[in-house]
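Engineer: Using the sequences and the hints, build the whole thing.
Chains E and D, in that order, are what the protein sequence lines are.
Residue numbers for the first sequence follow my numbering, beginning at 32 and rising by one.
Residue numbers for the second sequence follow my numbering, beginning at 12 and rising by one.
Just so you know, the hints here were simulated from the structure itself, not pulled from any lab data.
No false leads were mixed into what you were given.
Label-pair distances were calculated between CB atoms; the ranges are:
id	chain 1	residue 1	chain 2	residue 2	range
1	D	D135	E	G353	53 to 63 Å
2	E	R352	D	V73	46 to 56 Å
3	E	E474	D	L196	53 to 63 Å
4	E	R352	D	L164	19 to 29 Å
5	D	V73	E	P99	45 to 55 Å
6	D	P153	E	G353	28 to 38 Å
7	D	F40	E	G324	28 to 38 Å
8	E	R352	D	I317	47 to 57 Å
9	D	F71	E	D198	30 to 40 Å
We put the CB at the ideal spot given by N, CA and C, even for glycine.
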Amino acid sequence: MRSTTTFLSVALLLSSTALASAETLRWARAGDALTLDPHSQNEGPTHTIRHQIYEPLIIRDVTGAFEPALATDWAPSETDPNVWVFNLREGVTFHDSAAFTAEDVVFSFERAKQPNSDMKELIGSITEVRAVDDYTIEIVTDGPNPILPSNLTNLFIMDKDWTEANDTVAVQDFEGGELTFATTNTNGTGPYIVQSREQDVRTVMTLNENYWGIDQFPLDVTEIVYTPIQNAATRVAAMLSGEIDFLQDMPVQDLERVNNADGLVVKQAPQNRVIFFGMNQGAEDIEADNVDGKNPLGDVRVRQAMSLAINRDAIQQVVMRGQSEPAGMIAPPFVNGWTEEMDASSATDLDKAKALMAEAGYEDGFSIRLDCPNDRYINDEAICQAAVGMLAQIGVTVNLDAKPKAQHFPLITDGKTDFYMLGWGVPTYDSEYIFNFLVHGRESDIGTWNGTGFDNDDLDAKIKSLASNTDLEARDQAIADIWKVVQDEQLYIPVHHQVLNWGMAERVGIEVDPEDQPKVKYFEIN
Amino acid sequence: MLAFVIRRVLQSLLVLLVVGAVAFSMFRFVGDPIDNMLGQERTQEDIDRLRGQLGLDQPFVVQYVKFLQGAVQGNFGVSYRQGRPVSDILMERAPATLELAAVSGVLAIGIGIALGVFTAIRRDGFAANAIMSLSLIGVSLPTFLIGILLIYLFSVELGWLPSFGRGETVRIGGWTTGFLTESGLKALILPSITLGLYQMTLIMRLVRSEMLEVLRQDYIRFARARGLRERAVNFRHALKNTLVPVITVTGLQLGSIIAFAIITETVFQWPGVGLLFINAIQFVDIPVMAAYLMLISVMFVGINLIVDLLYFAIDPRLRADKTAAH
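Structural biologist: Right under this line is the structure:
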């Protein structure tokens, strides 16, 4: 089986190079997709590969705005506030040439709600999806859900008949090590068809000649060869030697080198990820400090002083080599609820910080342990090291404890750290997502990443009400009110927004997607 | 004889069990796999369910015994990262590592012996001294640095050879080979030099010192006195007698070539078991880590066992002592 696919891909490779207009995109990044099952594993690189093969109802363009994919338009129902109506695109076919209809959408949503599905949380509010006719569906939620479309941009649609015929209706039991047909075989409506795939080694895809948008999008790339390259130096070397046309996960220190190389450019955009420090303010006494009987982080003046001591411009220039945007709030710029005013980073003011420390009774400072990852965010450990020096200036002696992410994140979710670094991205582009995970008091299914011990019942009620508030103006006001509390309480110390860099050959034309999700159908080759 | 073999085998098994136990007790310090497996949207309930499902809530002794029970039946469990049986993944990755190790080994032995003989015969020549000095690089520079330097020179600056991957491979039965395509052969050059350089310099220095020793022997002088040609003396008489220790060392080094392929494979994105192991550590993929460590220890213990038995067969003193004691 494998030998025939290899043979086929070699044959295709030969035949495609024979065509005059054939363009191969040789694409590399650090990691590979974990599976091809559309509803298993809600994870970035996995979604990236799926986006070439499968399509959701709606996608986001590079500005974060919605763009129709398999749905042409959508709106809340005029009669029932709990219902959204989606009109589907006509004349779309799957790779095996079966027609796409409402039945496939209903089926895919049901599949994505199975217990083994990793997408079930995102569509947890959906109670029913029904087909009105072949090209109209209604999605019923358990209450009004104003931001439902935001949760559908990575929800891929499968063909009902193909899935049933191949006995792969059940979502892969990933943890149980189940291998289903859909794990390694695909049949989407997307612009590219998988020709061969060896996990962690190489994936080859070719253009779907029958794609519905063949005339609407550039679709200059006729073949994609995707290779994960783990070692950063090797990745850059492969780009410099011309073996790669398009590179994600660029190491910051090599940006200039690639940009100065002949025929290569680096493009950048603010990424959907903000980096910040969290402080355990809720505990009576914390373990990681040298103060007995009380918790210095429980005093808002101490938290403010610590924030004032962080020199964000220095971190940007020295640690990040310019590759970051200093932040004043823990929301990325395109998220609903973000304001320029709140995000304007507070200037470093050591005198004011020292005064606040003295006012709080800590003029002699204290010492505390900072937990930091060393393999998750761009230069994460170096940022923490810089913060150690900055906080020392106001008398806070920081003992840095940097660990791999696999050891660091459990500290936060298990409440075993009092001062930690965390980064956050917002897939729904709405502040509610941030509040649910980082501001709401910690419970078993909400506030799971809130390691600050902050728990305010009134605020929690306000956060919960956002989910069903269909009056968008009132909802935005509520979001602004919640942000005010977060800012006044200095719940977190924001550091910066990460900047995303894509390296590419000059002949490749594409703008950087803030979610780090390149969609090859937009690529132009000159 | 039989008693000796049985005792050796039992000792080897004990070593394996201890290695496995140490490995399992260490896994908890690598981190928590649950965090990598579930996305940031997971709830405490999901975490508890998965922890129970994977048996991670049990003490490491229980986990280890379960692993052993599966392992003796050839079942190494399921990879947390890839969601596929570990034995399948290892089988898929083994050809890449074995081919690389084989080419590195051949390079190391071939070039190592040739240069060793050359530097011994021309011990005061300029070329021999230059080679000896250069060989210090092979012994002292770390593998990843050699790899990066080679990539920089031959891929980035000269553009002759690929910087990563295995090139096109051809599948024959359950084996994928890079020997049959041009890109596959080209892709082998840099990684095999990187991996074999240390062994090459080691063999070269060993051959040289053994040769110098042998060339001083009386029988070499007599051979020369008999008027034999220089080539016959050097290769037929001298080299042959230097090879016994060389073969012993080479055999033991074979294990390390496979085990230390980890670094070379990471630098060159070589899709072998070493790269798989590095991925597994980062993701805390316990089944893959456990299977790999067990496999490597089986290999080392096996090689040592064979060497022990060979000594027993070759060296009559071992047997004589035993019979005398009884």
